[in-house]
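*Asks:* The lines below spell out each chain.
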Amino acid sequence: DQQVKQNSPSLSVQEGRISILNCDYTNSMFDYFLWYKKYPAEGPTFLISISSIKDKNEDGRFTVFLNKSAKHLSLHIVPSQPGDSAVYFCAASDPGGTSYGKLTFGQGTILTVHP
Amino acid sequence: GAGVSQSPRYKVAKRGQDVALRCDPISGHVSLFWYQQALGQGPEFLTYFQNEAQLDKSGLPSDRFFAERPEGSVSTLKIQRTQQEDSAVYLCASSLGNTIYFGEGSWLTVV
Chain A
1 DQQVKQNSPS LSVQEGRISI LNCDYTNSMF DYFLWYKKYP AEGPTFLISI SSIKDKNEDG
61 RFTVFLNKSA KHLSLHIVPS QPGDSAVYFC AASDPGGTSY GKLTFGQGTI LTVHP
Chain B
1 GAGVSQSPRY KVAKRGQDVA LRCDPISGHV SLFWYQQALG QGPEFLTYFQ NEAQLDKSGL
61 PSDRFFAERP EGSVSTLKIQ RTQQEDSAVY LCASSLGNTI YFGEGSWLTV V
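Sequences listed follow chains A and B, in order. The opening position of the first sequence corresponds to residue 1 in our numbering, with each subsequent residue numbered one higher. The opening position of the second sequence corresponds to residue 1 in our numbering, with each subsequent residue numbered one higher.
These are computed hints drawn from the structure, not numbers from a lab. Think of the CB as a built atom: it goes at the ideal place given N, C-alpha and C, for glycine as much as any other residue. There may be inaccurate statements among the hints.
Simulated DEER-style distance windows between Cβ atoms [to be verified]:
no.: 1; chain 1: B; residue 1: 55; chain 2: A; residue 2: 27; range: 40 to 50 Å
no.: 2; chain 1: A; residue 1: 7; chain 2: B; residue 2: 70; range: 34 to 44 Å
no.: 3; chain 1: A; residue 1: 5; chain 2: B; residue 2: 57; range: 20 to 30 Å
no.: 4; chain 1: A; residue 1: 74; chain 2: B; residue 2: 73; range: 34 to 44 Å
no.: 5; chain 1: B; residue 1: 97; chain 2: A; residue 2: 61; range: 22 to 32 Å
no.: 6; chain 1: A; residue 1: 76; chain 2: B; residue 2: 16; range: 31 to 41 Å
no.: 7; chain 1: B; residue 1: 83; chain 2: A; residue 2: 61; range: 17 to 27 Å
no.: 8; chain 1: A; residue 1: 69; chain 2: B; residue 2: 72; range: 34 to 44 Å
no.: 9; chain 1: B; residue 1: 99; chain 2: A; residue 2: 56; range: 15 to 25 Å
no.: 10; chain 1: B; residue 1: 16; chain 2: A; residue 2: 8; range: 35 to 45 Å
no.: 11; chain 1: A; residue 1: 51; chain 2: B; residue 2: 40; range: 24 to 34 Å
no.: 12; chain 1: A; residue 1: 56; chain 2: B; residue 2: 72; range: 33 to 43 Å
no.: 13; chain 1: A; residue 1: 58; chain 2: B; residue 2: 50; range: 28 to 38 Å
no.: 14; chain 1: B; residue 1: 61; chain 2: A; residue 2: 52; range: 39 to 49 Å
All chains, full assembly: derive it from the sequences and hints.
*Replies:* This is the structure we're talking about:
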């Protein structure tokens, strides 16, 4: 039972254009969402997060949008740069009395930005 | 150190061997997590510590997996009698607030 799904295994984008990575979830108890970026042979690096009380959070070239009614979030990267090429993971948190760090991850989307 | 440090980075174990993976969290971080990442998948939660207390071990796949953090800092994940399906990257993470910082992982291959 995949509670967090990233349905696109890969995405290819031209440098300078917008990259849009999508994520769907099924558990309505999730109340905090994060995006991580991962390069080969490295651990995931935190990018941006959003609380369920918001519908948008922006940090430089990265914006995360949350649509609670649709249980959908997306990460927009604009403009995309070749250095953005990596695997992007969507993650959701349901503290449930433990911690925000108990995350449920999607399968990841490989982003390739072409010069 | 500045980040979460894990050792060994790479480990090849023969089936049936016991392994121990070490995690040194960011100094002062109260919360520590272990995740398992199989090839082509996202990380999956294994266990969580707050200081030395193991508050959640619901993700440990079997009783061959054991984690400890006796002094509330360094943690060790031990896997007994390793099996081929244990081959994965084991990620440690620590946090003080809502942001979770991951180490580079320990790559375990069981042959």
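*Asks:* If a hint holds in the structure, say so; if it does not, say that too.
*Replies:* Comparing the hints with the structure gives:
1. 55(B) - 27(A): 40 to 50 Å: At 20 Å between Cβs, range violated.
2. 7(A) - 70(B): 34 to 44 Å: 42 Å, holds
3. 5(A) - 57(B): 20 to 30 Å: Once the Cβ atoms are compared, 26 Å apart, the range 20 to 30 Å for residue 57(B) and residue 5(A) holds.
4. 74(A) - 73(B): 34 to 44 Å: 38 Å, holds
5. 97(B) - 61(A): 22 to 32 Å: 24 Å, holds
6. 76(A) - 16(B): 31 to 41 Å: With Cβ atoms ~48 Å apart, the hint is violated.
7. 83(B) - 61(A): 17 to 27 Å: 43 Å, violated
8. 69(A) - 72(B): 34 to 44 Å: 42 Å Cβ-Cβ, so the 34 to 44 Å window holds.
9. 99(B) - 56(A): 15 to 25 Å: Roughly 19 Å apart at Cβ, these two residues keep to the hinted range, so it holds.
10. 16(B) - 8(A): 35 to 45 Å: Roughly 40 Å apart at Cβ, these two residues keep to the hinted range, so it holds.
11. 51(A) - 40(B): 24 to 34 Å: Taking Cβ atoms as reference, residue 51(A) and residue 40(B) lie about 30 Å apart, which means the hint holds.
12. 56(A) - 72(B): 33 to 43 Å: Check passed, 38 Å falls within 33 to 43 Å.
13. 58(A) - 50(B): 28 to 38 Å: 32 Å, holds
14. 61(B) - 52(A): 39 to 49 Å: 30 Å, violated
In terms of the numbered hints stated before, the structure departs from hints 1, 6, 7, 14, listed from lowest to highest.
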